[in-house]
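Use the sequences and the hints to build the structure in full.
Counting with this note's numbering, you get residues 47 to 865 for the letters of the sequence shown.
In short, the hints are calculated from the structure, not lab data.
There's no promise every hint is true.
Claimed, not checked - Under the rule of at most 25 Å between Cα atoms (straight-line distance), these lysine to aspartate or glutamate pairs were calculated in the DMTMM-like manner:
1) LYS531 / ASP704
2) LYS531 / GLU599
3) LYS531 / GLU721
4) LYS531 / ASP577
5) LYS531 / GLU580
6) LYS531 / GLU701
7) LYS531 / GLU504
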Amino acid sequence: MDGWWQDAKLALRTLRRRPVWAFSIVAVLSIGLAGNAAMFAAFDAWVIRPLDLESPQELVDLRSVQPRLGGDGEALSAPDWWDVVRRQSLFRSAAAYSRATFNLDDEVEVSRAEGARIEWSLLPTLGIHPVLGRPFEERDDLPGRPAPVALIGDRLWRERYGADPAVLGRVIRIDGVAHQIVGVMPPDFEFPEWAQVWTPLGLDADASARDRRWLPVVARLEPGVSLAAARAELEQIGDELAAEHPLTNTGWTLSARPLREVWVPDVIEVAITASLGSAVLVLLVICANVGSLFLADLEPRSRELALRVALGAGRVRTLRPFLLQSILLAAVGGAAGCVLGAVWLNGMLGRVPVDPPYLFAMRLDARTLAFTAASALLAGLACAAVPLTRRRSESPASALRSSGAGAPGSARLRALLVAGELALTTALLIGALLMTRSFLEQRTEDPGYRRIGVVTAELSLAGPDHEDAQQRVRFVERLLDGVGKAAGVRSAGLATLRPADGCLRERFEVEGAPAERGEGVGACVVGVAGDYLETLGVPPVAGRLLTAAEWREGGDGVVISSGLAERLWPDGAAVGRRLRRVGASTPGDDGFGWRRVVGVVGDVSAPRDMVVDAANPGVQLYLPYAEHAGRRLAVVIGTGVPGNGVVGNAAPPGEIADVLRAAVRRAGASVPLGEVISLERSVANAQWVSRFFSEQLVLYAAAALTIAVFGLYGLISDSVTRSRFELAMRLALGARRHQVLALVARRGAWMVGGGIATGVVLGLAMSRMGGAMFGGASLTDLPIYVLVVAVLALAAALATWLPARRAARLDPARLLRSE
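Following this line, the structure appears as structure tokens:
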């Protein structure tokens, strides 16, 4: 132990004598470890860590699926869910819920809050209990008669009520209805995603159509029951329902998935795994670079070390101070990396335009710190392993016979390390550019509507004042009239769905060709009012748009997108033809009886992110708002003056927000507005995954490129220094300076060529493994590969040319005199 302590003190003294060298190594190690810490925090949250719920492995999500069509399926209908409850035997408990955005009014302020309507059994199923007050009880959740009680989240409790325990029993108006607060949820609970308010669902299965699949369900398996057994029972129940209700359930069955799979799409796991892999590759590049520095540091002392061994000192005892020196540097780099990792993680999260679901909060916790510490230790060992192994394998006799300038084997080893750096850097650059190109292609794709110069905001018409559809229509009339008269507003419209949002698809059939049971053509159904399509610039294809009288008073006319028209009537014009929702038996049934097509417009596509769904582009059916008067409203306002395909002099969203608030007040309702943002930003927010991971990969690739180029420069520069006597002799014997320049450049050419060629192969392999991430970019996109090779070759040429230029300028007479 005393020997280890003496060696540690020797390592510390050595580092104090060379502070710049030590600081450089700590700096590059801390950068690599910081990137690893930040990305491991994301990897831990999204891939490794279980859901923060009781026995999360027992929780499953129930789905309605169509085996013939595939896909992830849809939620359950209320009648199907009621039948499942009565027939299943493998779930200990289960509950349905419905996401909601509530309007809150406690006579202090009016605001919006994310929340959910839940069955009373949801909290016991998840294993959650309020920290204050009581949970919902069965008597609160009677079918069709939910009790006016509410649970609130910890964040809302602290921000709005100052964490006052007397909040229990307080009355707050939720969607215009007085509710009594009966409990406060734990601070780490916001199920389903960002909920802060929960009310009883009061599900009445008889009040909902069997083919309206809108109800998410989470269930807990009985102890010892496998997922396969639960799926088999659900499939049997689904088959029974299809036989009993052929009009609505033919082609459908039931299934279950682990709840975690619902929350974490495969593409997120692939993207985070790729980013963590990129961070590890950068750390490997850094370790190779630092290992090269250690090898260069040991070479001048090779004769000294060999002499010690020859005089009786053991090899391990001789090299141990260098190993401890490497571990000490890595330990300091790990500590600095944790601090930088926290900064890096905060910067990453600051670049994300939306909050991740609460179950996947990213933080530097104990596991991340342990991973960083282990990475630092391994990095220290890796940095020292190659040079120490090299020295241990070298015989004392050969070292004593050498000049102390380093053996040829050491030079070859350092060259291999630098070539490895270049190979990893090439692979990283290829992957980063492929993903960045995919993201840029997504950004430049035409979604079918105008994004620039359009502002959007959401509001919800809930409560007794808007219970009747005609009341909502009258409100919309007054709102659009008020907005349309404001200065700076070019046009305004409204819909029950924003173009950037996903939707629950309805299936349609055409007159004279009824669809098979369980079949039909799917489309998003949107209720529209005002100049909605004109504001978005959706191009007309045939027929006309809905008139003001139609969206105010109703009618059987609809406008459909060209994609829907082609699917329903592939052999003829759609205008004047009729369609209806599959399963609608009488005109006017649920608003989707027989409808006549009065116009066809272009398709509107939701922005794609990471994964291409080219086989399922966005298709829409636009109903008059009076016929589809939903409570959720998405207002779109065109600003500025259109011209030459662009919109100029657009009013900022802040001014439009003031216009909207004033119009809402004049419309006679106290309805809180959601965020007022440009449609361009709304689309960008929907594409945050691609942008985020593209930026991370580019950042890692840039760091690797910088480190690899400096490593190449250091190697060539050191080679010139060690061979300056040889180069001086060549010059003295008549060699031209350009010949010396070419000689030095050739010494680096094989490293550069071999490293880049290996990196291209690695990049192709990495791209194939992560192919789902690269969207429209080809995995063998020749321009990207050519660009990467050209950039690396240019950077390597510069790193080689500078020391070669110095070698060509040597003064042979002066150098030979000094020797």
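Query - Structure versus earlier hints, numbers of those that do not hold, lowest first - result: The structure breaks none of the hints.
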